[in-house]
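One line per chain: the protein sequences are A and B, in this order. According to my numbering, the first sequence holds residues 1 to 476 in order. According to my numbering, the second sequence holds residues 1 to 476 in order.
Certain hints may be false.
Because identical chains share one entry, a pair is satisfied inside a single copy or across any pair of copies.
Below are the DSBU-like pairs computed for lysine-lysine, each with C-alpha atoms no more than 30 Å apart in a straight line [stated by the list, open to error]: (1) K137 to K467; (2) K360 to K256; (3) K149 to K83; (4) K303 to K251; (5) K371 to K467; (6) K149 to K202; (7) K30 to K303; (8) K30 to K137; (9) K63 to K384; (10) K397 to K371; (11) K56 to K30.
None of these hints come from the bench; they were simulated from the model. Since we're looking at a predicted model, the values are computed, not measured.
One letter stands for each residue in the lines below.
There are 2 protein chains.
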Amino acid sequence: MAKDNQFVEQIADIDADFPRWYTDVVIKTKLVDYGPVKGTMVIRPYGYAIWENIQKELDARFKATGHENAYFPLLIPMSFMTKEAEHVEGFAPEVAVVTHAGGEQLAEPLCIRPTSETIIGNMYSKWIQSYRDLPVKMNQWANVMRWEKTTRPFLRTSEFLWQEGHTVHATEEEAEEETQKMLAVYKEFAETCLAIPVITGKKTEKEKFAGAVATYGMEAMMHDGKSLQAGTSHYLGQNFSKAFDIQFLDKDGTHKYGYTTSWGVSTRLIGAVIMTHGDKRGLVLPPVVAPTQVVIVPIAAKKPGVVEACRALKEKLSLAGVRVLLDETDNSPGWKFNEWEMKGVPVRIELGPRDLEAGKFLAFRRDECTKEEMPIEGCVEAIKALLSNVQSNLLEKARERTNRRIVYANSVEELLDGVERQNFVKAGWCGCRACEDVIKERTAASARVYAEGETAEKCIVCGKDAKHVVIFARAY
Amino acid sequence: MAKDNQFVEQIADIDADFPRWYTDVVIKTKLVDYGPVKGTMVIRPYGYAIWENIQKELDARFKATGHENAYFPLLIPMSFMTKEAEHVEGFAPEVAVVTHAGGEQLAEPLCIRPTSETIIGNMYSKWIQSYRDLPVKMNQWANVMRWEKTTRPFLRTSEFLWQEGHTVHATEEEAEEETQKMLAVYKEFAETCLAIPVITGKKTEKEKFAGAVATYGMEAMMHDGKSLQAGTSHYLGQNFSKAFDIQFLDKDGTHKYGYTTSWGVSTRLIGAVIMTHGDKRGLVLPPVVAPTQVVIVPIAAKKPGVVEACRALKEKLSLAGVRVLLDETDNSPGWKFNEWEMKGVPVRIELGPRDLEAGKFLAFRRDECTKEEMPIEGCVEAIKALLSNVQSNLLEKARERTNRRIVYANSVEELLDGVERQNFVKAGWCGCRACEDVIKERTAASARVYAEGETAEKCIVCGKDAKHVVIFARAY
Numbered sequence: 001m002a003k004d005n006q007f008v009e010q011i012a013d014i015d016a017d018f019p020r021w022y023t024d025v026v027i028k029t030k031l032v033d034y035g036p037v038k039g040t041m042v043i044r045p046y047g048y049a050i051w052e053n054i055q056k057e058l059d060a061r062f063k064a065t066g067h068e069n070a071y072f073p074l075l076i077p078m079s080f081m082t083k084e085a086e087h088v089e090g091f092a093p094e095v096a097v098v099t100h101a102g103g104e105q106l107a108e109p110l111c112i113r114p115t116s117e118t119i120i121g122n123m124y125s126k127w128i129q130s131y132r133d134l135p136v137k138m139n140q141w142a143n144v145m146r147w148e149k150t151t152r153p154f155l156r157t158s159e160f161l162w163q164e165g166h167t168v169h170a171t172e173e174e175a176e177e178e179t180q181k182m183l184a185v186y187k188e189f190a191e192t193c194l195a196i197p198v199i200t201g202k203k204t205e206k207e208k209f210a211g212a213v214a215t216y217g218m219e220a221m222m223h224d225g226k227s228l229q230a231g232t233s234h235y236l237g238q239n240f241s242k243a244f245d246i247q248f249l250d251k252d253g254t255h256k257y258g259y260t261t262s263w264g265v266s267t268r269l270i271g272a273v274i275m276t277h278g279d280k281r282g283l284v285l286p287p288v289v290a291p292t293q294v295v296i297v298p299i300a301a302k303k304p305g306v307v308e309a310c311r312a313l314k315e316k317l318s319l320a321g322v323r324v325l326l327d328e329t330d331n332s333p334g335w336k337f338n339e340w341e342m343k344g345v346p347v348r349i350e351l352g353p354r355d356l357e358a359g360k361f362l363a364f365r366r367d368e369c370t371k372e373e374m375p376i377e378g379c380v381e382a383i384k385a386l387l388s389n390v391q392s393n394l395l396e397k398a399r400e401r402t403n404r405r406i407v408y409a410n411s412v413e414e415l416l417d418g419v420e421r422q423n424f425v426k427a428g429w430c431g432c433r434a435c436e437d438v439i440k441e442r443t444a445a446s447a448r449v450y451a452e453g454e455t456a457e458k459c460i461v462c463g464k465d466a467k468h469v470v471i472f473a474r475a476y
Numbered sequence: 001m002a003k004d005n006q007f008v009e010q011i012a013d014i015d016a017d018f019p020r021w022y023t024d025v026v027i028k029t030k031l032v033d034y035g036p037v038k039g040t041m042v043i044r045p046y047g048y049a050i051w052e053n054i055q056k057e058l059d060a061r062f063k064a065t066g067h068e069n070a071y072f073p074l075l076i077p078m079s080f081m082t083k084e085a086e087h088v089e090g091f092a093p094e095v096a097v098v099t100h101a102g103g104e105q106l107a108e109p110l111c112i113r114p115t116s117e118t119i120i121g122n123m124y125s126k127w128i129q130s131y132r133d134l135p136v137k138m139n140q141w142a143n144v145m146r147w148e149k150t151t152r153p154f155l156r157t158s159e160f161l162w163q164e165g166h167t168v169h170a171t172e173e174e175a176e177e178e179t180q181k182m183l184a185v186y187k188e189f190a191e192t193c194l195a196i197p198v199i200t201g202k203k204t205e206k207e208k209f210a211g212a213v214a215t216y217g218m219e220a221m222m223h224d225g226k227s228l229q230a231g232t233s234h235y236l237g238q239n240f241s242k243a244f245d246i247q248f249l250d251k252d253g254t255h256k257y258g259y260t261t262s263w264g265v266s267t268r269l270i271g272a273v274i275m276t277h278g279d280k281r282g283l284v285l286p287p288v289v290a291p292t293q294v295v296i297v298p299i300a301a302k303k304p305g306v307v308e309a310c311r312a313l314k315e316k317l318s319l320a321g322v323r324v325l326l327d328e329t330d331n332s333p334g335w336k337f338n339e340w341e342m343k344g345v346p347v348r349i350e351l352g353p354r355d356l357e358a359g360k361f362l363a364f365r366r367d368e369c370t371k372e373e374m375p376i377e378g379c380v381e382a383i384k385a386l387l388s389n390v391q392s393n394l395l396e397k398a399r400e401r402t403n404r405r406i407v408y409a410n411s412v413e414e415l416l417d418g419v420e421r422q423n424f425v426k427a428g429w430c431g432c433r434a435c436e437d438v439i440k441e442r443t444a445a446s447a448r449v450y451a452e453g454e455t456a457e458k459c460i461v462c463g464k465d466a467k468h469v470v471i472f473a474r475a476y
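Build the full structure now, drawing on both the sequences and the hints.
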């Protein structure tokens, strides 16, 4: 284990061995650790603080769009899972099952929620009776469990934290609008707060959520050109309302089934942040979600006035709402630079006796690894502007990379070549599962989302008329 | 189920049938509902909003006292539970066990955390190596599971939400200080935010946490004179550090076991709020945690200017940080009064055409069920002062009741008489388990906490010298 006092260690080369770089970074920056049970993770304070910032931003957006938080039980009767045919097929192989409790065998086994459509559907059927009760728009912050064979911290673990929104509407149109609205909320959040440009669109039948009529995803390109599904929004039609009898008496005096949606993002987003912005020195965190936005490193801290000036600066920034940390440990400045760079703190302030005399300090920005002089006088606004600049620069850099790495393919060979060169690849597709499977087999790339509004002539596999242009990529 | 449009219904008489009153209130105000699995609850938006306010207040206090949030896995290997002898004895009968996952039987059964000392201890042993790593002070917001035979919403359910703090210190003194400090944080929070006066003190061996050296509890007197354990803080000594090998290299060059603490409060606090302040009309919520602090009810809403004035008022209060709701539904004012009184909203504003003309409105306070006129001009400060007054009045009323109902007993008969009359009863006790058991058997009262600083001559059971004065009560 990395210890505080042996913190600055080598991390693998980001371009030579990206998977190893990822593991090194998440462990050595103490974002996360492996739990005692295979496939589980412990989210350490530095990682959890990022999640708290993500929660705060998202929660405000959910509430602003009229959603309320609630909490539904962890354990779902097995019989619920089987009520929606596709749903059970998709999730049954991954569930963890409670068979004993309170010293006795249970009459019916319970599964730990892999997602909560079924148990929430069961409650909604009790609560909803009239059109006056609609829409119902709830969200839940919770832990879920999906037993996975291959796991990696944040990206795929047996247990993870997420939010799941579940809504019921009187009409198809309203439910579809909700599905699109929450997808748009996710996109705006990802770009504004995480500085991650995302591509949103509909998923293929093969890739959609088990039980959905349609799934819309947001995909983000990681450092290695692979795609990460960063969030999904599902239009569930009447599939779950029929399975769970969510009926309401409409204005016209007849009973109708509601139209439902669900949508979620998870601690996976932390993995997305790491793999979008990270560089050879380690993490690079966007200021909006960084636990520490500014770290102050005193230079020649024993010289008169230095520590006092640093403390005063910290106080000023803190009062202005900046998340600031003053590193007063015994480590050398160089050691501190390395440590906080590895931990991805967006801005570092270096302040020594000569700076103090000149009424200035050095501000280092982590995204570009450059330094500039700044007057101490009036620095609060300047630091805030710098943070805002770092935030938008990270988004622009990531956007530029994503745009640069989207290519077109006219054949499966070109598609393979494209993904081998770490690109997203757009290609025409006839819409049939067989061709989608061929592409997956031969290129290890999957259909991420439809490229909306784009058209192609032929399917690159069978040569028949293309129904869609699909963005293919290898994916996490 | 109570439906929105049939909301105002009869609730049981609070003094004639308190348990039934409780159930009626929690269900009809939509705080909670029963989940599909026996013993589980669904926390509905109105209940969850109270929990969010509790979380916000507590979380700020934990951070201000130097604690960081983290998240540890839900599933704990069975073998961990057995490492601390008392701990397994206390919790094993209540655990829910996962035996299958991912379609296979697990090599080792996993239990759903009833509390996390064991799995956190396991991680701390990896993370802590030197005195420089101490203290470690973490908190976790999480769901836990204890399979209980008799359950009631918020008070005792198989799954509940809570926070659990877990700390490690280099010395006994420091760990004991932490235990006391967090108990004090809980007490201040309960009194300031929930308006619940609490009695804190050490628990007897019989009542302490399984695995603790000492447990300190905070007890609150409910409407019916029964006690509710509202929070606990445990000094764990080296019990868990020895079981999980949490060792550190001290300054003197020797390896030592750390001293640990843990402390927690749960969604049970919502039950405490309901049973402390509720009255015959339903809930009475303290403003600090009330989801809605002020509800505005327009009178003769169709008369010109009324709705506009109500909206302007709502806007003003909302901008000033008051959680305010304007009830624009078609229901009659009388219906609305009943509904919001049952839901416990601290302050109601009634504004009609005549009020508008006079530049005034009526402000109804839920704690005293009285009304006063208030000028619209400058009302923000007046409403804030009223909310603050409601908050402190609720605490004073509850404190007065608690103080009035603490009596002394010199015999088991007197103790029985005292608890039958819905009192807390102080009595001398020799300190032996047998006498404690006799009291429990004959009075159905248990030892809540030691009355600190008080002395008595004789044990009321055996007549031997009293070691402690204990507060006995029937308890939830």
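A quick look at each hint next to the structure:
no. : hint         : in the structure
1   : K137 to K467 : neither (34 Å within a copy, 57 Å between copies)
2   : K360 to K256 : neither (69 Å within a copy, 46 Å between copies)
3   : K149 to K83  : both (26 Å within a copy, 29 Å between copies)
4   : K303 to K251 : between (78 Å within a copy, 28 Å between copies)
5   : K371 to K467 : neither (51 Å within a copy, 68 Å between copies)
6   : K149 to K202 : within (27 Å within a copy, 47 Å between copies)
7   : K30 to K303  : neither (32 Å within a copy, 63 Å between copies)
8   : K30 to K137  : between (36 Å within a copy, 15 Å between copies)
9   : K63 to K384  : both (27 Å within a copy, 24 Å between copies)
10  : K397 to K371 : within (19 Å within a copy, 61 Å between copies)
11  : K56 to K30   : both (22 Å within a copy, 25 Å between copies)
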